[in-house]
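Please arrange chain B on chain Z, whose structure you already have, making use of the hints.
Top to bottom, those sequences are chains Z and B. Under our numbering, the first residue of the first sequence carries the number 1, and numbering increases by one thereafter. Under our numbering, the first residue of the second sequence carries the number 1, and numbering increases by one thereafter.
No lab work stands behind these hints, which were simulated from the structure alone. Ideal placement from N, C-alpha and C gives every residue a C-beta, glycine not left out.
Where chain B lies over chain Z, by a calculated footprint (3+ residues, C-beta under 8 Å):
#1 6 to 19
#2 24 to 32
#3 55 to 69
#4 72 to 78
#5 82 to 96
#6 229 to 237
Here are the computed distance ranges between Cβ atoms for each label pair:
#7 P53(B) <-> L10(Z): 41 to 47 Å
#8 F116(Z) <-> I86(B): 26 to 32 Å
#9 L6(B) <-> I108(Z): 38 to 44 Å
#10 F110(B) <-> A5(Z): 20 to 26 Å
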Amino acid sequence: MIKSASRFFLFFFSSLFALGFGGTITYLILFALDVVSEPPNLGYVLTAIEDTGSINVVTAILLDYRGFDTLGEATVIFTSVAVTASILGKPDFLFERPVLNVITQRAIGFLLPIFFMFPLYIITHGHLSPGGGFQGGVSLAVLVVLLHVVYGHQLGLNKVPIRFLSSCEYWAALSFGLVGLAGLFHGVGYLANLSVGFPQGTPGSLVSGGLIPLLNLIVGIKVAAGLSGLYITLAGNVRKGL
Amino acid sequence: MNPQILVLITGGIVWSIGILGLIIHRNMIQICVSLSVMESAIIIVLVALSYVPEAMAPILQGSSGPFTDPLPQALALTAIVIGAGILAIALSLTVAMYRTFGTTDLQVIFSREHSDL
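Same shape as in the complex, but just chain Z (with noise of 0.2 Å):
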């Protein structure tokens, strides 16, 4: 047991640390900021539209200028997925929490066809607005907590079954990568878009962009498996007591 006096004089070095760390960290992020300066507008910005079809550059820049580092991204997210599962063992949902009152249960019912068109604007609009596959996919990953949480395990697992978030999982991940692989056949490089003879379309209509919405597509359903799969694991492995 640690005395009072001592457990003071830990908070009190520890605060010096943490202020001493935090202002050494923030005082060279403002000395490089004076160092750099960036011109108003990039030059990848105003090419974008020209190299990628994309009007939303933040997604141009995610989905094609640094396409395999996505790939990255969603390879990540399997294998912190594939690591909880390996460390929790299968869910088995010993512990059934209390589900929600009747009224609550059908209000999202009624509800949820309108919680899902959300997440579907969201991927779907990827490259016209703020968005695409990683928010749209965590916004669906929430409606399978939803159901969890409203409904009660049984009925989420009949609804959303494992093997069907596993699968999506896994085909999401192969497609990702097997689409990148028209780069190659056509000699320009691992999932290139445009140079490849994808077609642009209008720039800010909904199919325009080339691969970018299909990527997006891929992105999302593979984050919403991906993150609802983790959930599941941590939920189903509770146990009441040790």
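What follows is chain B alone, placed relative to chain Z:
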């Protein structure tokens, strides 16, 4: 004052809070929360780095005015995804620890190890 510098200093304060929580807490779940707070500080800094004075969001529809830098925003998305993965793995390790030792308090576990020696 320049809003970018203000937001960067806020990020530094949030980072310090995360470091402090990482040092003084002995419970694994609180340590996970502190890690998450530190990661939020990094995201604040990344978003602040994309600041351009009087600029709009980088959506090129019918405007040619200055746009904010989209590259740090894309990197912030990467940081969020990796942070979510790290948090999930840390929490699952916490659950495994609770199953083995019956507690998530590191101090209790360490003192128990010492009493065995």
